[in-house]
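Asks: The task is simple: from the sequences and hints, build the whole structure.
The residues making up each chain are set out below.
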Amino acid sequence: MKAWLETRWRLLAGFAFAAFFVAVNHRNPSQKGMVIGLGTLLTIATMMLAGTGVKSQSPAGFPEGLAGSTQFTISLPVSRLMLLLVRAIVGLLEAIALEAAMAFFTWFFFPSIWSAVSPGDFARLLLVALVFVTPAYGAVIFFTTFTDEPLSGVYAGWTLTLLLWLLHHVAPAVDIVRAWGQASPLMTHTLPWSQIVTAAGLGALFFWAACRAVERREY
Amino acid sequence: MGDVLIEVRALRKLFDGFAAVDGLDLRVGAGSVCGFLGRNGAGKSTTIRLLLGFLRNDGGEVRLFGQNVLGPGGGVEIRRRIGYVSENKHLYPYMTVRQIIRFTRPFFTGWRDDLERRYLELFQLPPDRKISALSKGMRTGLMLLLAIAHNPELLILDEPTEGLDPVITDLVLRELVGLPASEGTTIFFSSHQLSEVEQIADHIAIIDRGHAVLAGAVDDMKLQYQRVRIVFPGDPPPITWADGAERVRREGRSVSILATRNVEVIVDQARALAGTSVERHPVTLKEIFLEHVGTN
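Protein sequence lines correspond, in order, to chains X and V. Residue numbering for the first sequence is 298 to 516, as defined by our numbering. Residue numbering for the second sequence is 558 to 853, as defined by our numbering.
Think of the hints as simulated: they come from the structure by calculation, not from any bench. Check each hint, because a few of them may be wrong.
[Unchecked claim] Computed cross-link-like contacts, DMTMM-like style, restricted to lysine to aspartate or glutamate with a CA-CA straight-line distance of at most 25 Å: (1) 843/V / 753/V; (2) 779/V / 755/V; (3) 693/V / 445/X; (4) 687/V / 445/X.
[To be verified] Just some of the chain X residues that point at chain V, by a computed CB distance under 7 Å: (5) 299; (6) 366; (7) 368; (8) 369; (9) 372; (10) 373; (11) 376; (12) 516.
Glycine included, each C-beta is placed from N, C-alpha and C at the ideal position.
Replies: Structure, rendered in structure tokens:
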């Protein structure tokens, strides 16, 4: 209930942005632009949905009480790990719902992509998109265990940028960004497994770190 | 003291090398109202955060209901038996009163509708008002509702009346003082409002610079601590008073002594002097407090 109340407006905003994006691109659709645009939108929206947690307790617009209610939250008879898990699962389900809406809008309003993209490739793209946002999601979940918004989002953004830059320059074979372009399922008609494993691994690593942090941190 | 609900032994907590709590010993018995006194920065809030497991101790031991607070699985079960009101009184500002009650209630098995209704009425809490729109007094009332409605065995309050107006303060104190009798609740509350502590506490513990300097029943302390006023027929002679004679003050022909122990010995010593009249007066909690921490 708490997680839903904290993120419901963000989720609605995500739906609205997705609809707006589709409407803006409707007249002049570009497959590459659509993929990159929707990917970016999904990443940002997912980070927003992950943005409230154990330390940060308040959605944007309520400066009073920011983070101050942490003591009330952790005084409840529930483990901190459970608090984090519930929060993370609700946000992830919301991200899946958002992606499903984006997929629906895109497929429904752009009949031109039916001839260019097979349903199989489209489904693969959706799976890739969901896996690829997990590092961003995990990073925000991790940083919200000890910082408040908007700093948690800023730290997560920096960390993610650094990681993506490193992957791009040091390990191009597992470059996640590349999987939006050359290695995209729309181009290769296969799943980019090395990038999927990398993204899932990074997401899991951030989530593991968040679990460790929330259990060990002092509040 | 009956069953001991809070037992703290040689507790130590460091922040960047500074000992905020330094060898604290504390025992709070079931059914008591224990005031936890100290100056600002004495270590009261840190101790409470250690009791609740928000912080990890760097030494010593914290046991609530006989269980180690930081032991495996101990925290959740212990918190189920506790009501807590934090110093800042912050709740989720985007929830309404009704929503936060609905959110909190499922965490506890013994939620009492009658207590919920009672506190909604007592603090005039509008169920559909957002918490961000509540006054500080109402927010305190709501926190008390959330802390008490599940009928906890132990209520831990960190500066419960801080920043409240006198009417709400009186309301809160009257409510708290009745809880041990009506619900069997043990209350442990921190404060530096000595008059409030004196009004409701039957036990006190005074903390200074991270360690307990005095603890016990208020009634015992009032017997042990007394002011002795001796009036001499002429100028008071120089006298070496018995142990326990503190703050000896000369005022013309009279001498005022704050006796922290051996009151009878000091009184007998005064009466043995020719021509003196001796009066004994009870002391206030403030005098006891100042005696222990005021001059440090």
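Asks: Could you run down the list of hints and mark each one as holding or not?
Replies: Hints and how they fare:
{"no.": "1", "hint": "843/V / 753/V", "in the structure": "11 Å, holds"}
{"no.": "2", "hint": "779/V / 755/V", "in the structure": "11 Å, holds"}
{"no.": "3", "hint": "693/V / 445/X", "in the structure": "23 Å, holds"}
{"no.": "4", "hint": "687/V / 445/X", "in the structure": "22 Å, holds"}
{"no.": "5", "hint": "299", "in the structure": "6 Å, holds"}
{"no.": "6", "hint": "366", "in the structure": "5 Å, holds"}
{"no.": "7", "hint": "368", "in the structure": "4 Å, holds"}
{"no.": "8", "hint": "369", "in the structure": "6 Å, holds"}
{"no.": "9", "hint": "372", "in the structure": "4 Å, holds"}
{"no.": "10", "hint": "373", "in the structure": "5 Å, holds"}
{"no.": "11", "hint": "376", "in the structure": "6 Å, holds"}
{"no.": "12", "hint": "516", "in the structure": "5 Å, holds"}
The structure agrees with every numbered hint stated previously.
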